[in-house]
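Undergrad: Mapping of the sequence shown onto full-length UniProt numbering: residues 1 to 753, in sequence order.
In short, the hints are calculated from the structure, not lab data.
Please read all numbers here as calculations on a predicted model, not as lab measurements.
There could be a bad hint or two in this list.
Each pair of labels, with its calculated beta carbon distance range [as the list claims (entries may be wrong)]:
1) H720 / N599: 40 to 46 Å
2) H720 / A236: 32 to 38 Å
3) K119 / S408: 41 to 47 Å
The calculated PhoX-like cross-link candidates involving lysine-lysine, where the alpha carbons are at most 20 Å apart (straight line), are [said to hold, decoys possible]:
4) K445 / K662
5) K37 / K454
6) K37 / K48
7) K464 / K632
8) K320 / K302
9) K585 / K370
10) K454 / K575
11) K117 / K142
12) K739 / K727
13) K320 / K445
14) K468 / K409
15) K280 / K501
16) K464 / K454
17) K281 / K501
18) K315 / K399
19) K280 / K464
20) K654 / K593
21) K281 / K468
22) K663 / K632
23) K445 / K601
24) K572 / K468
25) K178 / K142
26) K454 / K370
27) K445 / K632
28) K399 / K477
29) K399 / K302
30) K593 / K438
Just so you know, even glycine gets a beta-carbon here, dropped at the ideal spot from N, CA and C.
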Amino acid sequence: MESAEGSNNFILMGDCNARVGEFSAPPPEEHKDLTRKSSDKFTNKRGKLLIKSIIENGWNLINGCTISDQEGAYTFRNNNGSSTIDLAISSHPAAESIQDMEIVPTMSSCHDLMLLKIKTGCAEATQHIISKPVMEYINRIKWDPSLYDEFLDSFDRVIDNRPFTYSRLQQAAFTAAKNTKMLKSIPLGPQNEINDAKWYDEECRQKREELRRLIRVLRSKGPSDLTIDYIQAKCAYNRLKKSKQKDFWESINQFRPRKQNTNNNIKSSRWRQHFSTLFKKEASDPQYTTPPEGTENAEMDKNITCEEMVAAIQKLKSKKAPGLDGIPNEVLKIITISHQQEILHLLNEILNSGEIPQDFGKTLIHPIFKKGDPNDPANFRPISLLSTTLKLLTSIIAKRLSQWGEESKKISEYQAGFKAGTGTMEQIVILNTIVQSKLALPNGKLFVAYVDLKSAFDSPPHDKLWRKMAQIGMGRKVLRFLRNLYSSAEGVVKTGDGLTKPFPIDKGVLQGDGASPITFNSYIDSVVNDMYNSDVPGVAIGSCLVHLLLFADDIVLIANTADQLKINILSKSFKEMGLTVNIGKTKVVAFSKRKMKTNPKILWNGEELEVVDTYTYLGVIFHRNGHFSTAKSHFTSKAAATSAIVIGICQRGKIPPIATHKKLQQSLINSVFLYCSPIWGLSLEEDQLEQPQCQFWKRLLRLSKSTPGYVVRLETGSKHTSIQMVKVTLCLICKILQKDEGSHQQNEAGENN
Numbered sequence: 001m002e003s004a005e006g007s008n009n010f011i012l013m014g015d016c017n018a019r020v021g022e023f024s025a026p027p028p029e030e031h032k033d034l035t036r037k038s039s040d041k042f043t044n045k046r047g048k049l050l051i052k053s054i055i056e057n058g059w060n061l062i063n064g065c066t067i068s069d070q071e072g073a074y075t076f077r078n079n080n081g082s083s084t085i086d087l088a089i090s091s092h093p094a095a096e097s098i099q100d101m102e103i104v105p106t107m108s109s110c111h112d113l114m115l116l117k118i119k120t121g122c123a124e125a126t127q128h129i130i131s132k133p134v135m136e137y138i139n140r141i142k143w144d145p146s147l148y149d150e151f152l153d154s155f156d157r158v159i160d161n162r163p164f165t166y167s168r169l170q171q172a173a174f175t176a177a178k179n180t181k182m183l184k185s186i187p188l189g190p191q192n193e194i195n196d197a198k199w200y201d202e203e204c205r206q207k208r209e210e211l212r213r214l215i216r217v218l219r220s221k222g223p224s225d226l227t228i229d230y231i232q233a234k235c236a237y238n239r240l241k242k243s244k245q246k247d248f249w250e251s252i253n254q255f256r257p258r259k260q261n262t263n264n265n266i267k268s269s270r271w272r273q274h275f276s277t278l279f280k281k282e283a284s285d286p287q288y289t290t291p292p293e294g295t296e297n298a299e300m301d302k303n304i305t306c307e308e309m310v311a312a313i314q315k316l317k318s319k320k321a322p323g324l325d326g327i328p329n330e331v332l333k334i335i336t337i338s339h340q341q342e343i344l345h346l347l348n349e350i351l352n353s354g355e356i357p358q359d360f361g362k363t364l365i366h367p368i369f370k371k372g373d374p375n376d377p378a379n380f381r382p383i384s385l386l387s388t389t390l391k392l393l394t395s396i397i398a399k400r401l402s403q404w405g406e407e408s409k410k411i412s413e414y415q416a417g418f419k420a421g422t423g424t425m426e427q428i429v430i431l432n433t434i435v436q437s438k439l440a441l442p443n444g445k446l447f448v449a450y451v452d453l454k455s456a457f458d459s460p461p462h463d464k465l466w467r468k469m470a471q472i473g474m475g476r477k478v479l480r481f482l483r484n485l486y487s488s489a490e491g492v493v494k495t496g497d498g499l500t501k502p503f504p505i506d507k508g509v510l511q512g513d514g515a516s517p518i519t520f521n522s523y524i525d526s527v528v529n530d531m532y533n534s535d536v537p538g539v540a541i542g543s544c545l546v547h548l549l550l551f552a553d554d555i556v557l558i559a560n561t562a563d564q565l566k567i568n569i570l571s572k573s574f575k576e577m578g579l580t581v582n583i584g585k586t587k588v589v590a591f592s593k594r595k596m597k598t599n600p601k602i603l604w605n606g607e608e609l610e611v612v613d614t615y616t617y618l619g620v621i622f623h624r625n626g627h628f629s630t631a632k633s634h635f636t637s638k639a640a641a642t643s644a645i646v647i648g649i650c651q652r653g654k655i656p657p658i659a660t661h662k663k664l665q666q667s668l669i670n671s672v673f674l675y676c677s678p679i680w681g682l683s684l685e686e687d688q689l690e691q692p693q694c695q696f697w698k699r700l701l702r703l704s705k706s707t708p709g710y711v712v713r714l715e716t717g718s719k720h721t722s723i724q725m726v727k728v729t730l731c732l733i734c735k736i737l738q739k740d741e742g743s744h745q746q747n748e749a750g751e752n753n
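Start from the sequences and build out the full structure, keeping to the hints where you can.
TA: This is the structure:
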């Protein structure tokens, strides 16, 4: 074990005589959904020491984390009982090579066999030769900035002076891309190869060679007039590197642990059946047979201005995957520069007429594996890609809807999701303020239900969605456009066999549509209205009465007692809205200084909800006693795990300069450790605060564990972590103070003070 502490690439297996219970090492961000199970619930003394070593070194515990050992099977059995004392431990880099581990009972020993399957470059002896399936391809424009002028000239020749339509725009863009050799056929099958690292492009190499040549001349001839040339070349080289900020992270990402492509045997027809069922609407409500028309709203329904379009164009990010139209954001940006009025006319024509161009609402669905059985489509998260022109139009509409919603207060202030200037930290502060204020009272208690919705964004029935939008005053043109867009919406799934046949999307908000977040917020806001229109008392905080907090679809129900009334109201609201609660993931925490003798019995439609001591809300662990010791251990462990990842990046990438190490440490490790630190971290001792940073540098530079922290900071030029935490806290305070006078954020923050 001691020799392993000095290694960054190892797998340690065997009888450790240590029982670690259900301990789960914090997974890296790339595998944050990974959780460990264990049949052995007990932790012995040696197990506690082993857990400490795993946390400090950022190692992985393999037992209970593989496909063949999902339940964390026992590894030792005798007459006295069963336990898991044979363990497999690895560093993060070595964990990437582990394909599977299986616990196999044996008759020759009390210890079971641990069969570890390692990924190698060699084919397995038992591998069967099968015919390679015919690969299907899809056309994509691979943008090359160096061909800017050629592409634009070709596009202008194809488009002529005829009026723009969506189909002509798409056809002209593809023809211009083909003429400039930017049209690529992308295979739809699984891609397992690793691309070359993008350390430097050709421009960087040329600048570097020029600089090296000048250095050689200076060394051979001594100071001369070339000194000025050398300084200028060095400045130009540094400016170029600084301008390649995104390329820096692309290069770094080449050396990060890669999430392996998940092989599955799911046929194209099964993919289509799963997603078509997911988006299939239930029987329509008779009262919603007549489509709503919306409200006269001149400001919302006015023609799109050139300023609005330019602002939306500038916000389109580069290097983003396009939809089925194959047109990336970069292409639409340059077309808009020379054809601004034509693009503007096209957008206004679609908005004013409400007529949706063919394939405009067709969505490319890319399934991303979450966890569980890789042969079950339900264990995949659908990522949807829309056409670039549609994203541009809906982003303009979304901006109007946001301004209208903010000015008219159409969305409750207790909803913090998808709101500019509001993040998870403010919502966590509010919940913590409510909890602490109640626990400060004699025999203070607070009952909090963390409600988990099943596929919340994919569930709202369209007829109820548009009825709600009309009720809150959405403009007629905007409502008609969105209604017609959703009516024509279709999905195709990208699979290893190619694209599936299209199927209708009859419910849910469209992913990737800029207007979807504000539309969803407006729809789910009904639960807030239902709660505040009831006679059930809220939780008094300052001058506010709080019933629930929302962050998009994350809902927290708050009550002074364990009464069923609020649960019943929320259940009724969800039923009317066509939303379903995941009972297994919905938990209740009964906050109190002392643990209650008996947990309250709380039911959701007759099913009992589990009462737990801890719950992770928006990334922060809340304990029933209001303390954050569990959260402190969690973030410290997570920082150690991230440190191991960063050290692996530095070693695999052979990154020599200390400045790059510092940048990675601050960007990757500190961002993990300091997340919401004003809530959980201000009570930490100084040595606890500085521990993640010092451990990173000691391991990277191979320093002794006894090296004082101040020496590490002096040698590396690092600042105290406590200073950064104070900055984060002050920024949060300033952010809250800038909120509107009398807002619930200010009232509740003031209550906490």
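Undergrad: Run every hint past the structure and note whether it holds.
TA: Cross-check of the supplied hints:
Against the hinted window of 40 to 46 Å, the Cβ-Cβ separation of H720 and N599 comes to about 43 Å, which satisfies the hint. Between H720 and A236 the beta carbon distance is about 36 Å. The supplied range of 32 to 38 Å therefore holds. Separation of K119 from S408 is about 56 Å and departs from the stated range, judged on CB atoms against 41 to 47 Å. Under the criterion of a C-alpha separation no larger than 20 Å, the hint pairing K445 with K662 is inconsistent with the structure, at around 45 Å.
Between the alpha carbons of K37 and K454 the distance comes to roughly 23 Å, so the proposed pair goes past 20 Å and is violated. Only pairs whose Cα atoms come within 20 Å are accepted, and K37 paired with K48 is accepted, the gap being roughly 17 Å. At roughly 44 Å between alpha-carbon atoms, K464 and K632 are farther apart than 20 Å, so this suggested pair is violated. At most 20 Å may separate the alpha-carbon atoms for a hinted pair to count; K320 and K302 exceed this at roughly 30 Å.
As the CA atoms of K585 and K370 are separated by approximately 16 Å, the hinted pair is consistent with the 20 Å bound. Between K454 and K575 the alpha-carbon distance is near 13 Å, which keeps this suggested pair within the 20 Å criterion. The suggested pairing of K117 with K142 is violated, with an alpha-carbon distance near 38 Å, which exceeds 20 Å. As the CA atoms of K739 and K727 are separated by approximately 19 Å, the hinted pair is consistent with the 20 Å bound.
A hinted pair counts as satisfied when its Cα atoms are at most 20 Å apart, and K320 with K445 does not qualify at roughly 48 Å. A distance of roughly 15 Å separates the Cα atoms of K468 and K409; the hinted pair therefore holds under the 20 Å criterion. Under the criterion of a C-alpha separation no larger than 20 Å, the hint pairing K280 with K501 is consistent with the structure, at around 15 Å. Distance check on the hinted pair: K464 and K454 sit about 18 Å apart at the alpha-carbon level, within 20 Å; holds.
Between K281 and K501 the CA atoms are separated by roughly 19 Å; this keeps the pair inside 20 Å, and the hint holds. This hinted pair checks out: K315 and K399 have alpha carbons roughly 12 Å apart, not beyond 20 Å. Distance check on the hinted pair: K280 and K464 sit about 15 Å apart at the alpha-carbon level, within 20 Å; holds. Under the criterion of a C-alpha separation no larger than 20 Å, the hint pairing K654 with K593 is inconsistent with the structure, at around 51 Å.
Using a Cα cut-off of 20 Å, the hinted pair K281 and K468 holds, with the two alpha carbons roughly 17 Å apart. With a C-alpha separation of about 24 Å, the suggested pair K663 and K632 falls outside the 20 Å cut-off, and the hint is violated. A threshold of 20 Å between alpha carbons decides the hint, and for K445 with K601 the separation of about 15 Å falls inside it, so the pair holds. Between K572 and K468 the CA atoms are separated by roughly 17 Å; this keeps the pair inside 20 Å, and the hint holds.
A distance of roughly 10 Å separates the Cα atoms of K178 and K142; the hinted pair therefore holds under the 20 Å criterion. Of the pairs offered as hints, the one joining K454 and K370 holds, with about 15 Å between alpha carbons and a cut-off of 20 Å not exceeded. Note on K445 and K632: the hinted pairing is violated, with a Cα-Cα distance of about 23 Å set against a maximum of 20 Å. Straight-line distance between C-alpha atoms of K399 and K477 comes to about 15 Å, which keeps the hinted pair within the 20 Å bound.
Distance hint between K399 and K302 is fulfilled; the C-alpha atoms sit about 13 Å from each other, no more than 20 Å. Restraint check: the Cα-Cα separation between K593 and K438 comes to about 10 Å, which is no more than 20 Å; the hinted pair holds.
In terms of the numbered hints stated before, the structure departs from hints 3, 4, 5, 7, 8, 11, 13, 20, 22, 27, listed from lowest to highest.
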